[in-house]
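S.K.: From just these sequences and the hints, can you work out the full model?
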Amino acid sequence: MQLHLSPEDQAFRDEMRTFFTTKIPQSIRDDVAAHREVSKESYVEAQRILNAAGLAVPHWPAEWGGRDWTPLQRHIWREEMQLAAVPEPLAFNASMIGPVIAAFGNQEQKERFLPATANLDIWWCQGFSEPDAGSDLASLRTAAVRDGEDWVVNGQKTWTTLGQYADWIFCLVRTDPTAEKKQRGISMLVFPMDTPGVTLRPIELLDGGFEVNEVFFEDVRVPAENLIGEENRGWDYAKFLLGNERVGIARVGATKRMIADAKEHAAQLTSGGRPLIEDPSMRTRIAELENELLALELTALRVVSNSSDGKPNPASSVLKLRGSELQQAATELLVDIAGPLSLASFAADDDTDVPEWARSATPEYLNYRKVSIYGGSNEVQRTIIAGTILGL
101 MQLHLSPEDQ AFRDEMRTFF TTKIPQSIRD DVAAHREVSK ESYVEAQRIL NAAGLAVPHW
161 PAEWGGRDWT PLQRHIWREE MQLAAVPEPL AFNASMIGPV IAAFGNQEQK ERFLPATANL
221 DIWWCQGFSE PDAGSDLASL RTAAVRDGED WVVNGQKTWT TLGQYADWIF CLVRTDPTAE
281 KKQRGISMLV FPMDTPGVTL RPIELLDGGF EVNEVFFEDV RVPAENLIGE ENRGWDYAKF
341 LLGNERVGIA RVGATKRMIA DAKEHAAQLT SGGRPLIEDP SMRTRIAELE NELLALELTA
401 LRVVSNSSDG KPNPASSVLK LRGSELQQAA TELLVDIAGP LSLASFAADD DTDVPEWARS
461 ATPEYLNYRK VSIYGGSNEV QRTIIAGTIL GL
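Residues 101 to 492 in our numbering are what the sequence shown lists, from first letter to last.
Be aware that a few hints might be false.
[Stated by the list, open to error] Listed below are the simulated DSS-like cross-link pairs for lysine-lysine, each with C-alpha atoms no more than 25 Å apart in a straight line: (1) 470 - 339; (2) 339 - 281; (3) 123 - 356; (4) 470 - 140; (5) 356 - 281; (6) 123 - 140; (7) 210 - 282; (8) 210 - 363.
Since the hints were derived computationally from the structure, they do not count as laboratory data.
M.R.: Dropping the structure here:
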């Protein structure tokens, strides 16, 4: 099965491919392709280039930088960006808080935040998960109490990705501890990370990196005007946010690029005196993964086509579930192709002649354990699929 594009959509794909491969600096794209850490400065530079061309937030309302594209064009835009190893627009900005403010914020908040959010003048981070409220997010205990013209916030968040770079945080807080249902007593506040009483501490991950953090709030005063939407409606906004996040979470293009890399490396390594790519079991494994990825891509197209009214489609949970599984399968494939070479993980260039891709294979594999957890764990997605889609 092949996906055939109309002449118009093929021209659109060519336009996107040319832009991504010529306008984004090669040095930034090389870092992404080699799975190196991408600096804050590189993220900002790439997103500002995209935003200047109207390519940072095409799914937003046109008034705030969106484009009147078809769902297929949005899919092509994202896939070509991933294939070209371009840093995607920061998800916390483009896919999370931006759409929430556009949908539920007041006019003053839209004017204040949306242009800066699209241009990455504000780097946002997400304050959702807590030590005792991960998959069961509605159990969060971070509290906000109204005191005059301020909310006073106390509590803790964890797994705050790239919080060390963030200027602002969008945070779920409990504003009505007496609500009959715990989901009904939650609000969404936004405030700067340098507000007095905010403390950030890094968490070292399995791959040796410091991608996530824990954040503590001690009597943090937040102006009442920084409440997004209505008081005690934060759970509704969180569901909207997570649904938008999952639409682009399958990362089909990125997984295609990993499989292409795997095939190239397997062609260069030998096993039993012949290229590893010629081993029947390896060819079968790669073919099966490519077929599964094609099925996911077609599912993604169905989901975005049914999300044209701007509301998240429950089937996005399928994309999150299967997309994360295939991303993990691709990283596992790369480790297996590297074989003993992957034992040189974390070695510096001067200390080894093992190629960089093989040294990064195991750290990348370990890091990708996260993709079946963030955005709503895969266990939660199966529950959503069973109840919302299958009606079980």
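S.K.: Take the hints in turn and mark each one as holding or not.
M.R.: So, going through the hints one by one against the coordinates:
A distance of roughly 20 Å separates the Cα atoms of residue 470 and residue 339; the hinted pair therefore holds under the 25 Å criterion. Between residue 339 and residue 281 the CA atoms are separated by roughly 16 Å; this keeps the pair inside 25 Å, and the hint holds. Under the criterion of a C-alpha separation no larger than 25 Å, the hint pairing residue 123 with residue 356 is consistent with the structure, at around 22 Å. The hinted pair formed by residue 470 and residue 140 meets the criterion: a straight-line CA distance of about 21 Å does not exceed 25 Å.
Of the supplied pair hints, the one linking residue 356 and residue 281 is violated, its CA atoms being roughly 43 Å apart against a limit of 25 Å. Distance restraint check for residue 123 and residue 140: the Cα-Cα separation of roughly 18 Å lies within the 25 Å cut-off, and the hinted pair is therefore satisfied. Under the criterion of a C-alpha separation no larger than 25 Å, the hint pairing residue 210 with residue 282 is inconsistent with the structure, at around 28 Å. Distance check on the hinted pair: residue 210 and residue 363 sit about 46 Å apart at the alpha-carbon level, beyond 25 Å; violated.
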